[in-house]
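Peer 1: Please arrange chain B on chain A, whose structure you already have, making use of the hints.
If you read the protein sequences in the order shown, they are chains A and B. Position one of the first sequence corresponds to residue 1 (this note's numbering), numbered consecutively onward. Position one of the second sequence corresponds to residue 1 (this note's numbering), numbered consecutively onward.
Rather than coming from a laboratory, the hints here were simulated on the basis of the structure. The beta-carbon is built from N, C-alpha and C at its ideal position, and this holds for glycine as well. Careful: at least some of the hints might be erroneous.
[As the list claims (entries may be wrong)] Part of the chain B face toward chain A, derived, beta carbon under 7 angstroms: (1) D56; (2) H117; (3) I147; (4) L150; (5) T155; (6) Q157; (7) G178.
[Claimed, not checked] Chain A stretches covered by chain B per the calculated footprint, using a threshold of three residues with CB under 8 angstroms from any CB of chain B: (8) 184 to 193; (9) 276 to 283; (10) 375 to 387.
[What the hints assert, rightly or not] Covered by chain A, per the in silico footprint, the following chain B stretches (three or more residues, Cβ under 8 angstroms): (11) 5 to 15; (12) 71 to 83; (13) 124 to 132.
The chain contents come next:
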Amino acid sequence: MKNNLPDKDGFFGEYGGKFVPETLMFALNELEQTYTKLKENNDFNSEFHKDLTEFVGRPSPLYFAKRLTEFYNSGSIWLKREDLNHTGAHKINNTVGQILLAKYMGKKRIIAETGAGQHGVATATVAARLGLDCHIYMGSEDVKRQSLNVYRMKLLGAEVHEVNSGSATLKDALNEALRDWVTNIEDTYYIIGSVTGPHPYPMIVRDFNAVVGYELIEQSQKSFGRMPDSIVACVGGGSNAMGIFYPFIDMKDVELIGVEAAGKGIETGEHAAPLNDGSPGVLHGAKSYLMQDENGQVRGTASISAGLDYPGVGPEHSWLKDIKRAKYVAVSDDQVMKAFHMVNKMEGILPALETAHAFAYLDDLMPTMKKDQHIVINVSGRGDKDLNSVVEIEDIQL
Amino acid sequence: MRRIEKKLTELSKNNLKAFVGYIVAGDPDSQTSLDLMHLSVNAGVDILEIGVPFTDPIAEGPIIQQAHDRSLENNTNLESIIDLIKRFREKDNETPIILMGYINNFLTYKDLINTSHESGVDGILVVDIPGELSLKDYGIDNQNLDIISLVSPTTAQERIQNIVNNSSGFIYYVTLRGVTGSSNLDGKEIAQNIEYIKSLTKTPVMAGFGIKSKDDAKLLSSFSDGIVIGSSIVELIHKNSENKDFHEVSDYISNMKDAIR
Chain A
1 MKNNLPDKDG
11 FFGEYGGKFV
21 PETLMFALNE
31 LEQTYTKLKE
41 NNDFNSEFHK
51 DLTEFVGRPS
61 PLYFAKRLTE
71 FYNSGSIWLK
81 REDLNHTGAH
91 KINNTVGQIL
101 LAKYMGKKRI
111 IAETGAGQHG
121 VATATVAARL
131 GLDCHIYMGS
141 EDVKRQSLNV
151 YRMKLLGAEV
161 HEVNSGSATL
171 KDALNEALRD
181 WVTNIEDTYY
191 IIGSVTGPHP
201 YPMIVRDFNA
211 VVGYELIEQS
221 QKSFGRMPDS
231 IVACVGGGSN
241 AMGIFYPFID
251 MKDVELIGVE
261 AAGKGIETGE
271 HAAPLNDGSP
281 GVLHGAKSYL
291 MQDENGQVRG
301 TASISAGLDY
311 PGVGPEHSWL
321 KDIKRAKYVA
331 VSDDQVMKAF
341 HMVNKMEGIL
351 PALETAHAFA
361 YLDDLMPTMK
371 KDQHIVINVS
381 GRGDKDLNSV
391 VEIEDIQL
Chain B
1 MRRIEKKLTE
11 LSKNNLKAFV
21 GYIVAGDPDS
31 QTSLDLMHLS
41 VNAGVDILEI
51 GVPFTDPIAE
61 GPIIQQAHDR
71 SLENNTNLES
81 IIDLIKRFRE
91 KDNETPIILM
101 GYINNFLTYK
111 DLINTSHESG
121 VDGILVVDIP
131 GELSLKDYGI
141 DNQNLDIISL
151 VSPTTAQERI
161 QNIVNNSSGF
171 IYYVTLRGVT
181 GSSNLDGKEI
191 AQNIEYIKSL
201 TKTPVMAGFG
211 IKSKDDAKLL
221 SSFSDGIVIG
231 SSIVELIHKN
241 SENKDFHEVS
251 DYISNMKDAI
261 R
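Same shape as in the complex, but just chain A (with noise of 0.2 angstroms):
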């Protein structure tokens, strides 16, 4: 482990803990003890890593960028290939160890709330190899936008429920399915999709995830004989940049670069950007920055991109911020579209629009990084997805 956190009490700093309505506190208490045995536990430990093998496909590559390091004239830019794990993104990583986590603990029932989809998708993958009931929330604003993979997740046998509250997007479906597991707190286990919500969950979603990171220390060994000088990450809710971020954190010279999201720019307040514009608050289960107005309620968002569409942000990236250890910038729609086919046209990648996010800050990193400087980019997840969007967005007739 790279450092201590969160404490007992599951706070980074001040930020995250269990803010939840008492039924709740059961369960999360329940789920704390059996993760906290079962990490150590070889046969746990076996299983998800056998799984993610022969399952997930990994170790997913570490590729070299040789057309956008060309490009960019200044460093070497290496993909770290999460676009090619079992179902296009790295959300596979967690639901695979939650699966098994609601397997011994003995849970019937499976829900989770999405947002683009992909964590939706990933979560009826694990249910359905193991035959559980799964139910999972989602945005009606969403459904539309998405409905490629909304039919994916019925193929998958999981009946997906439209939320029609509040702004209709990630965040409603997350309050719906916390409503769903405080009226079935006995029997369902609640796969959070990413390192937001009470404790123990940013933990556990960080932990299924540092394989990325923990790969990525012997692929850097292996490729250029060295740690990388820069990380750079897409941050939603953050578990993809928490899973690479975090085998890293110690390792002061390695540069972790998180990107949200400006939508139509921080300046216009339409945006999903909370550590660039927003302030400590409490949502869903957790302190941490979020989007909130003067009177302490959640703001609207704003993006081109449905996973990233969210107004918080998991605690660790928040003490991460304020400790001063990542850096955490924005990039707006404009430059996310620019960026997007950029990677298609220049290195045969299809990003997904959240991942293409990371990539969008190259134009303000690279000009600063020095030829022998080696920089990864996590690609999050493949863009098959958000074609129908991308069609949308530039109006063009197929």
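Peer 2: Quick look at chain B alone, frame taken from chain A:
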């Protein structure tokens, strides 16, 4: 003596159970909320629980969620709610008032909460924190307010002692696994759990969540010091808020009050 303690002592002296009634401040509008507060008290509510609207009320079922949304559309915030309570106190200085809401709103207005007793607030109930959490650590520190905590059917016995030590006014026993306005009350389990809480504290215990009918109210009041009703009242308010004739609300409260006598 504080208003909550005074009211509950009085009721118990007369062998009566307490009726805690919940409405969302600002639904349908602030002036009507003021009228509804007085109307509820006249119809039989002993303690008023005033809902503070939040954009993401995870413990509420659809009825109360929608009331929060309506209230937020009217720009209700904690300042306007404190103002509402001040106006209520011009005519009623007896009925205890509790603010019920979510931690993020209370933290945003902690200075206001710390002086809210001056405006006539008697207690706060924060729905989304565990009962042993110390609000003082978060800057909410007002010795003049009662801090009401929730205990639920799933609360581990070893935690209940800490929760009751951290509470005053009354303990709010959540009668079911679910959000506000759900159904399926388990009388036997509720009776046992309330008995256990009462073995640990002299603080009165109210039962709430999922009470709809007179039978529910009668059953739950038989082993508690009183009942809390929210969703049913909020629903009736909404149903009649167009013509603002709230006699249905008044009748409902009187009926429930009769049921717990």
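Peer 1: Should the hint that H117/B touches chain A count as held when the rule is a Cβ pair under 7 angstroms?
Peer 2: Since the shortest Cβ distance to chain A is 21 angstroms, the answer is violated.
Peer 1: Report holds or violated for the interface hint on T155/B, using the least CB-CB distance to chain A and a cut-off of 7 angstroms.
Peer 2: Since the shortest Cβ distance to chain A is 6 angstroms, the answer is holds.
Peer 1: Tell me if the interface restraint on G178/B is satisfied: Cβ within less than 7 angstroms of some Cβ in chain A.
Peer 2: Since chain A brings a Cβ to about 4 angstroms from G178/B, closer than 7 angstroms, the hint holds.
Peer 1: Does L150/B pass the interface check with chain A, least Cβ-Cβ distance below 7 angstroms?
Peer 2: Holds - the Cβ of L150/B comes within 7 angstroms of chain A, reaching about 4 angstroms at its closest.
Peer 1: Tell me whether the statement that chain B covers the stretch 276 to 283 of chain A is true, taking a Cβ distance below 8 angstroms and needing three residues at minimum.
Peer 2: holds (count 3)
Peer 1: When I compare C-beta atoms, does the stretch 375 to 387 of chain A have three or more residues closer than 8 angstroms to chain B?
Peer 2: It is violated, with 0 qualifying residues against the three required.
Peer 1: How about the stretch 184 to 193 of chain A: do at least three of its residues have a C-beta closer than 8 angstroms to a C-beta of chain B?
Peer 2: holds (count 3)
Peer 1: Taking 8 angstroms as the C-beta cutoff, is the stated coverage of the stretch 5 to 15 of chain B by chain A satisfied by three or more residues?
Peer 2: Since three or more residues must qualify, the claim that chain A covers the stretch 5 to 15 of chain B is violated, with 0 doing so at under 8 angstroms.
Peer 1: State whether the coverage of the stretch 124 to 132 of chain B by chain A holds or is violated, taking the criterion as 3 or more residues with Cβ-Cβ distances under 8 angstroms.
Peer 2: holds (count 5)
Peer 1: For the hint on I147/B, just tell me whether its beta-carbon gets within less than 7 angstroms of chain A.
Peer 2: Result: violated, 14 angstroms to nearest chain A Cβ.
Peer 1: Using 7 angstroms as the Cβ threshold, decide whether Q157/B counts as touching chain A.
Peer 2: 11 angstroms, violated
Peer 1: Can you tell me if the stretch 71 to 83 of chain B counts as covered by chain A, using C-beta to C-beta distances under 8 angstroms and a minimum of three residues?
Peer 2: holds (count 3)
Hints 2, 3, 6, 10 and 11 from the list above are not met by this structure, while the remaining hints are.
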